[in-house]
Amino acid sequence: MGAGGLRGSYRGLGAALTCNLVGEIAYLFTLEALKERMTKGAAARDGGDVAAEAFEGHSGYAAVAAMCGDVVSLLTVTPLVIVANRQMTAQYGLSAGNAYSGVRTTLTEVWRTFQPPRAAAGWAGARLMHGLRGLYQGTSAGLLRIPASGCWWALYTKSKEELYVLCAPRLEEYRQHHAAAAAAAAPFHQHEGAEHVSLLSSPVRLLLSGTDNPAINGLASAIASTATTLVFNPLAVIQTRQQTLPPAHVARLMGAPQRGGGRRRLWRLYASSFKKTVVVAQELVRVEGFRAFFKGATANVGVAVFDGIIFSLIFELTKLSSDLQYLS
Numbered sequence: 001m002g003a004g005g006l007r008g009s010y011r012g013l014g015a016a017l018t019c020n021l022v023g024e025i026a027y028l029f030t031l032e033a034l035k036e037r038m039t040k041g042a043a044a045r046d047g048g049d050v051a052a053e054a055f056e057g058h059s060g061y062a063a064v065a066a067m068c069g070d071v072v073s074l075l076t077v078t079p080l081v082i083v084a085n086r087q088m089t090a091q092y093g094l095s096a097g098n099a100y101s102g103v104r105t106t107l108t109e110v111w112r113t114f115q116p117p118r119a120a121a122g123w124a125g126a127r128l129m130h131g132l133r134g135l136y137q138g139t140s141a142g143l144l145r146i147p148a149s150g151c152w153w154a155l156y157t158k159s160k161e162e163l164y165v166l167c168a169p170r171l172e173e174y175r176q177h178h179a180a181a182a183a184a185a186a187p188f189h190q191h192e193g194a195e196h197v198s199l200l201s202s203p204v205r206l207l208l209s210g211t212d213n214p215a216i217n218g219l220a221s222a223i224a225s226t227a228t229t230l231v232f233n234p235l236a237v238i239q240t241r242q243q244t245l246p247p248a249h250v251a252r253l254m255g256a257p258q259r260g261g262g263r264r265r266l267w268r269l270y271a272s273s274f275k276k277t278v279v280v281a282q283e284l285v286r287v288e289g290f291r292a293f294f295k296g297a298t299a300n301v302g303v304a305v306f307d308g309i310i311f312s313l314i315f316e317l318t319k320l321s322s323d324l325q326y327l328s
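According to the numbering used here, the stretch in the sequence shown is residues 1 to 328, in order.
Source of the hints: derived by calculation from the structure; they are not laboratory data. A hint or two may mislead.
[To be verified] Derived pair list, reagent style BS3-like, types lysine-lysine, alpha-carbon separation capped at 25 Å:
1. 158 x 40
2. 40 x 275
3. 275 x 158
4. 275 x 295
[Stated by the list, open to error] For each label pair, taking beta carbons as the anchor points, the in silico distance ranges come out as:
5. 102 x 172: 50 to 58 Å
6. 24 x 132: 50 to 58 Å
7. 279 x 302: 28 to 36 Å
8. 113 x 60: 37 to 45 Å
9. 17 x 44: 38 to 46 Å
10. 204 x 102: 30 to 38 Å
11. 180 x 28: 37 to 45 Å
12. 165 x 296: 33 to 41 Å
For glycine and all other residues, C-beta sits at the position ideal for the given N, C-alpha and C.
Could you build the full structure based on these sequences and the hints that come with them?
Next comes the structure, spelled out in structure tokens:
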């Protein structure tokens, strides 16, 4: 804030919003498509009701579908994530050599990161390979973080199940109390017993619901987001370092590359991306200690919890609306 002011605090906002929007669409489409396919397959295999199975949650299906969605999202938005990270960290710390520039210029710089001298005169396939290598820096650490999505959905689904069971008696008690109060306020209303619940306003019915309660869904989301972010924060730190450190600095950590061609060269390129993850992690421990793996953990947890609560509210309410339309 001191160096860049308020404007500096919003560096990379455009790229971040774009990659979040595109990434969420790719993620949710893959998640729901695979979850529906697995649910229908399980119902057909067990001879159950497909429609009934579709409305019931399954933590295992959700976890597998979420990890597949994360892979699709990662491959779709990684170039824009790198642009956003470079814009956010330009001219600070180990990224001081990166100048802040617009999305198109930054994307071009990232494309040229690993292009060798006289690349324009070389084979087009080599230029494409080196360009993609620049655009997909940190993908190895991103792939290692794929289980985070599965863990989040598994924790979220299981937490919801346990919280609904735990809160069911108290919610029923509150429903009856508020329904009786609503009935007393409308003395000419002839409904009795459970039908008094229909007198409650929509927000109250939602907050007292034993099946689609936004407060319980939000709490389950907060639990899942906190646990998942703390466990996978070290990989988030490593991935950000890989995407923002100057290539020369990473090259010094990696040592001299071995020569060779053909498939061996492609295999070494693939393997070296995971080696980068290891050497960047080793340097973090050597220079800053293990505490470096939890840099930004407080902010990351806060953002993850807020994002998870908003996501769960929109996701669950959209599903509820869709289910009601389907049933009607």
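Which numbered hints fail:
2, 3, 6 and 10
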